[in-house]
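J.: Sequence:
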Amino acid sequence: MSSTIKRLIAVVIVLGLIGGFGIRIGHPQSGLSTALGSASSSVVIYKATNKLSVGSKYFGANDVKDLSPFLGEVTEVGKDYYTVKNGKFLERVTKKQTRGKMLVVIPFFGYPLNLVGL
Numbered sequence: 001m002s003s004t005i006k007r008l009i010a011v012v013i014v015l016g017l018i019g020g021f022g023i024r025i026g027h028p029q030s031g032l033s034t035a036l037g038s039a040s041s042s043v044v045i046y047k048a049t050n051k052l053s054v055g056s057k058y059f060g061a062n063d064v065k066d067l068s069p070f071l072g073e074v075t076e077v078g079k080d081y082y083t084v085k086n087g088k089f090l091e092r093v094t095k096k097q098t099r100g101k102m103l104v105v106i107p108f109f110g111y112p113l114n115l116v117g118l
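Our numbering puts the first residue of the sequence shown at 1, with every later residue one more than the last.
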């Protein structure tokens, strides 16, 4: 077996293991930004969960399709909702709209995804 095929198999195995632990990659359309750019120019690595606490970084949907998914910070936890600060204002989202807790933002990787419409 060639080394390229072995590397490809290793990458697929690692990605499968990471996915098994609930680690996902997402591309936000709006929300909190960093000093290196806007949310839409970034890629986010997040842990899939809908159990967040105040201060957690939120990654998930809202009611505006063009601005969803977005990044925010949880400011209030209700029975079936979160109040999230998205960088401009507070908005209330349901726990069903939550994709997960943001772990890492990778700036600039979102530009190619914007070009192809993702």
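Check before you lean on any hint, since a few could be wrong.
[Unchecked claim] Dumping the calculated EDC-like pairs for lysine to aspartate or glutamate here, alpha-carbon to alpha-carbon at most 16 Å:
hint : residue 1 : residue 2
1    : Lys51     : Glu76
2    : Lys47     : Glu73
3    : Lys96     : Asp63
4    : Lys95     : Asp63
5    : Lys95     : Asp80
6    : Lys88     : Glu73
7    : Lys65     : Asp80
8    : Lys65     : Glu76
9    : Lys57     : Glu76
10   : Lys79     : Asp66
11   : Lys65     : Glu91
12   : Lys85     : Asp63
13   : Lys51     : Asp66
14   : Lys57     : Glu91
15   : Lys47     : Glu91
16   : Lys51     : Glu73
17   : Lys101    : Glu73
18   : Lys95     : Asp66
19   : Lys101    : Asp66
No wet-lab data here; the hints were simulated from the structure.
J.: Now, for every hint given, state plainly whether the structure supports it.
T.: Now for the hints, and whether the structure bears them out:
1. Lys51 with Glu76: 12 Å, holds
2. Lys47 with Glu73: 15 Å, holds
3. Lys96 with Asp63: Holds. Lysine 96 to aspartate 63 sits at ~12 Å (cutoff 16 Å).
4. Lys95 with Asp63: 13 Å, holds
5. Lys95 with Asp80: 6 Å, holds
6. Lys88 with Glu73: 11 Å, holds
7. Lys65 with Asp80: 21 Å, violated
8. Lys65 with Glu76: 23 Å, violated
9. Lys57 with Glu76: Holds - the C-alpha atoms of glutamate 76 and lysine 57 are around 12 Å apart, at most 16 Å.
10. Lys79 with Asp66: Given pair lysine 79, aspartate 66 is violated - Cα atoms ~27 Å apart, limit 16 Å.
11. Lys65 with Glu91: 14 Å, holds
12. Lys85 with Asp63: 15 Å, holds
13. Lys51 with Asp66: The given pair, whose Cα atoms are some 25 Å apart, is violated under the 16 Å limit.
14. Lys57 with Glu91: 14 Å, holds
15. Lys47 with Glu91: 21 Å, violated
16. Lys51 with Glu73: Holds: lysine 51 and glutamate 73 sit about 13 Å apart, inside 16 Å.
17. Lys101 with Glu73: 10 Å, holds
18. Lys95 with Asp66: 20 Å, violated
19. Lys101 with Asp66: Cα-Cα ~21 Å, so violated.
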